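For reference, the chains in residue letters:
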Amino acid sequence: MREITYAQAIQEAMSEEMRRDQNIMFMGEDIGVYGGAFGVSRGMFEEFGDKRVRDTPITELAITGCAAGAAMTGLRPIVEIMFSDFMTLAMEQLVNQAAKNRFQFGGQAAVPMVLRTPGGSGTGAAEQHSQSLEAWVCHVPGLKVVIPSTPYDAKGLLKAAIRDNNPVVFIEQKLLYRTKGEVPEPGDDYIIELGKADIKREGSDLTIITYGRMVPRALEVAEAFSQKGTSIEVIDIRTLVPLDTEALISSAKKTGRVLIVHEACQRGGYGGEIAGLIADSEAFFYLDAPIKRLGGLDVPIPYNPNLEAQVVPTVESITKAVNELL
Amino acid sequence: MKLSKEQHKELFYKMTLCREFEETAAKLFIAGKVHGTAHFCIGEEATGVGVCSPLEVEDYITQTHRGHNQGIGKNMDVNRMMAEFLGKQTGYCKGKGGCMHIADFSVGSLGANGVVAGGLPIATGAALSQQYLGKKNITVCFFGDGAANEGAFHESLNLASVWKLPVLFVCTNNLYGMSTHINKSMNIEDISVRAASYGIKGIALDGNDVVTIYQETLKAKEYVLEHGPMLMVLNTYRWTGHSKSDAQLYRTKEEVNQWKERCPIKRHRDLLIDQKLFTEEELDELKREAVQKIKDAVAFAENSPEPSIDDIFDDVYAL
Ligand SMILES: Cc1ncc(C[n+]2csc(CCOP(=O)(O)OP(=O)(O)O)c2C)c(N)n1
Ligand SMILES: [Mg+2]
Numbered sequence: 005m006r007e008i009t010y011a012q013a014i015q016e017a018m019s020e021e022m023r024r025d026q027n028i029m030f031m032g033e034d035i036g037v038y039g040g041a042f043g044v045s046r047g048m049f050e051e052f053g054d055k056r057v058r059d060t061p062i063t064e065l066a067i068t069g070c071a072a073g074a075a076m077t078g079l080r081p082i083v084e085i086m087f088s089d090f091m092t093l094a095m096e097q098l099v100n101q102a103a104k105n106r107f108q109f110g111g112q113a114a115v116p117m118v119l120r121t122p123g124g125s126g127t128g129a130a131e132q133h134s135q136s137l138e139a140w141v142c143h144v145p146g147l148k149v150v151i152p153s154t155p156y157d158a159k160g161l162l163k164a165a166i167r168d169n170n171p172v173v174f175i176e177q178k179l180l181y182r183t184k185g186e187v188p189e190p191g192d193d194y195i196i197e198l199g200k201a202d203i204k205r206e207g208s209d210l211t212i213i214t215y216g217r218m219v220p221r222a223l224e225v226a227e228a229f230s231q232k233g234t235s236i237e238v239i240d241i242r243t244l245v246p247l248d249t250e251a252l253i254s255s256a257k258k259t260g261r262v263l264i265v266h267e268a269c270q271r272g273g274y275g276g277e278i279a280g281l282i283a284d285s286e287a288f289f290y291l292d293a294p295i296k297r298l299g300g301l302d303v304p305i306p307y308n309p310n311l312e313a314q315v316v317p318t319v320e321s322i323t324k325a326v327n328e329l330l
Numbered sequence: 318m319k320l321s322k323e324q325h326k327e328l329f330y331k332m333t334l335c336r337e338f339e340e341t342a343a344k345l346f347i348a349g350k351v352h353g354t355a356h357f358c359i360g361e362e363a364t365g366v367g368v369c370s371p372l373e374v375e376d377y378i379t380q381t382h383r384g385h386n387q388g389i390g391k392n393m394d395v396n397r398m399m400a401e402f403l404g405k406q407t408g409y410c411k412g413k414g415g416c417m418h419i420a421d422f423s424v425g426s427l428g429a430n431g432v433v434a435g436g437l438p439i440a441t442g443a444a445l446s447q448q449y450l451g452k453k454n455i456t457v458c459f460f461g462d463g464a465a466n467e468g469a470f471h472e473s474l475n476l477a478s479v480w481k482l483p484v485l486f487v488c489t490n491n492l493y494g495m496s497t498h499i500n501k502s503m504n505i506e507d508i509s510v511r512a513a514s515y516g517i518k519g520i521a522l523d524g525n526d527v528v529t530i531y532q533e534t535l536k537a538k539e540y541v542l543e544h545g546p547m548l549m550v551l552n553t554y555r556w557t558g559h560s561k562s563d564a565q566l567y568r569t570k571e572e573v574n575q576w577k578e579r580c581p582i583k584r585h586r587d588l589l590i591d592q593k594l595f596t597e598e599e600l601d602e603l604k605r606e607a608v609q610k611i612k613d614a615v616a617f618a619e620n621s622p623e624p625s626i627d628d629i630f631d632d633v634y635a636l
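Chains as they are written, first to last, in my numbering: chain A, 5 to 330; chain B, 318 to 636.
In short, the hints are calculated from the structure, not lab data. Treat the hints with care, as some may be off.
[Said to hold, decoys possible] Keeping only pairs whose Cα atoms sit at most 30 Å apart, straight-line, the calculated DSBU-like set for lysine-lysine is:
{"no.": "1", "chain 1": "A", "residue 1": "Lys-184", "chain 2": "B", "residue 2": "Lys-561"}
{"no.": "2", "chain 1": "B", "residue 1": "Lys-326", "chain 2": "B", "residue 2": "Lys-604"}
{"no.": "3", "chain 1": "B", "residue 1": "Lys-536", "chain 2": "B", "residue 2": "Lys-453"}
{"no.": "4", "chain 1": "B", "residue 1": "Lys-583", "chain 2": "A", "residue 2": "Lys-55"}
{"no.": "5", "chain 1": "A", "residue 1": "Lys-184", "chain 2": "B", "residue 2": "Lys-350"}
{"no.": "6", "chain 1": "A", "residue 1": "Lys-55", "chain 2": "B", "residue 2": "Lys-570"}
{"no.": "7", "chain 1": "B", "residue 1": "Lys-583", "chain 2": "B", "residue 2": "Lys-604"}
Small disclaimer: the values here were computed from a predicted structure and weren't measured.
Input sequences plus hints: build the corresponding full structure.
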């Protein structure tokens, strides 16, 4: 199979879907000639023109609400919010309108929109451009939440998100944009159903449940432990909402030891939800150790690169957490 | 009001210092000494320097992501600015904020902002304090043309207007928000007309004319203290890309070159020589001083310690 980057995979998913369905349009800040702050949409303006690929003013609330309104009336908009930190400006329309409009109008409306946005630290962009805010949106019924970790997953999941009839928050990982992976040829229209976790590595002694940028880190740790005879299973949940509860529970039952890893601050992070889910299930009776969470430190992301690297889980801190569980 | 020789000297020196700071910072990037990004205001030096120089320490400013001129205008210390840029413990934010967040409360800077239009409500609040506490000072709020399309702009101008808060909203219109020209982001050419919607005064000035900006800011301060908020638009241009990574496919070299002809520093220099206020040699000497000051700042920053992870939880909460 050919290899492409995570960013290219996202661009291909959007472009292929836009060729298939004329009512899909794409809007955001500097996504046109500039190609998006991270170059994800390079070439799309040239192909689809300014009716379907629209540069907007800097106005996140209006872009997001406009997408919701258009979605309720026949379009299937994709919105790019330049940094996931700026979802905070879009929150009203996303949370009170887009997420609720089907339910509160008794099922009359559907809001088939995708809000794409890059999250995470590691680029030296400091406090206001580095957050991992997925727990905020996971808390809101009516929204689906996706965070892919590979080019293959990014493409298949984004296609599913675009075809979904609900608002989907699709959080991309800045530090994965340039990573490469195998992806089927452009014509091969594969879709990855939302709500299906992926076992990225099978194992029998301990399960690491993670997503996004922490997946490659967890795999690195698992590989190192396998050299020492410890078999670690790495589950990439891929979609936080809906969550593949079955996959998590059965893995916990199998290994009896669970470590949950995410970059987002540990306090109030999605890891708490996953831990609660396992503790509430029959897997509880199979556990040989308490469920452990490893999230980012409960601090804003600092600018200095050494500090920045140490406030999120590292290969060293994941290794340490695994050792504590064994 | 005519400017004194000292005042002219201050303006020329600060603009030159700012240019030198940023050109040096750009070189540090190329040398791989800086992680992250930076937004340079080369070509826009007259805006922040012209507005901030006539202010008092007790006047507050809120800065933008493109605000080195604003900080230097307000007498921030370039050593600590450079140290912050390099992420050092001696930097203004202890290496935790970077140049998008430099702040110096001791000179009245309430901080730069990484969020477009993020400073407008903050400035409105600072002006509320000044009014509430009976101070005879104002808050100057810097933001860009792109920021004028955010809800925070409209909400802040309206609130400041109805409460008659002493805030001077200064829009640095450099024609672009990243790649987006204002003719694609708003249906007006003169941003100052937006003031009318909120029942406040709006003026537009040549943003490369540091002397006029200085004079008009002094008048604006008086006006704002008496009547409440005002919108001042400074029309200028950024010579460099939006940030470190910008291929600038959205504008032509000719356009950039035309604006380079209107360099605010050269313009001021020519004026000083024409009016025989300074000789070429005196101005060259001032430039040499600025160059040395920045060299020293780099040395200070490079010799400063890195922040320690042991202090990472400091300042998350106040004690
Ligand atoms: C709320 C928000 N949206 C988007 C961005 C990304 N961004 C940073 S600067 C910028 C352009 C701002 O334009 P303008 O206000 O004109 O200031 P300039 O950069 O031209 O000085 C954009 C879109 C941001 N930092 N904050
Ligand atoms: Mg601008």
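When the hints from earlier in the document are held up against this structure, which numbers fail? 4
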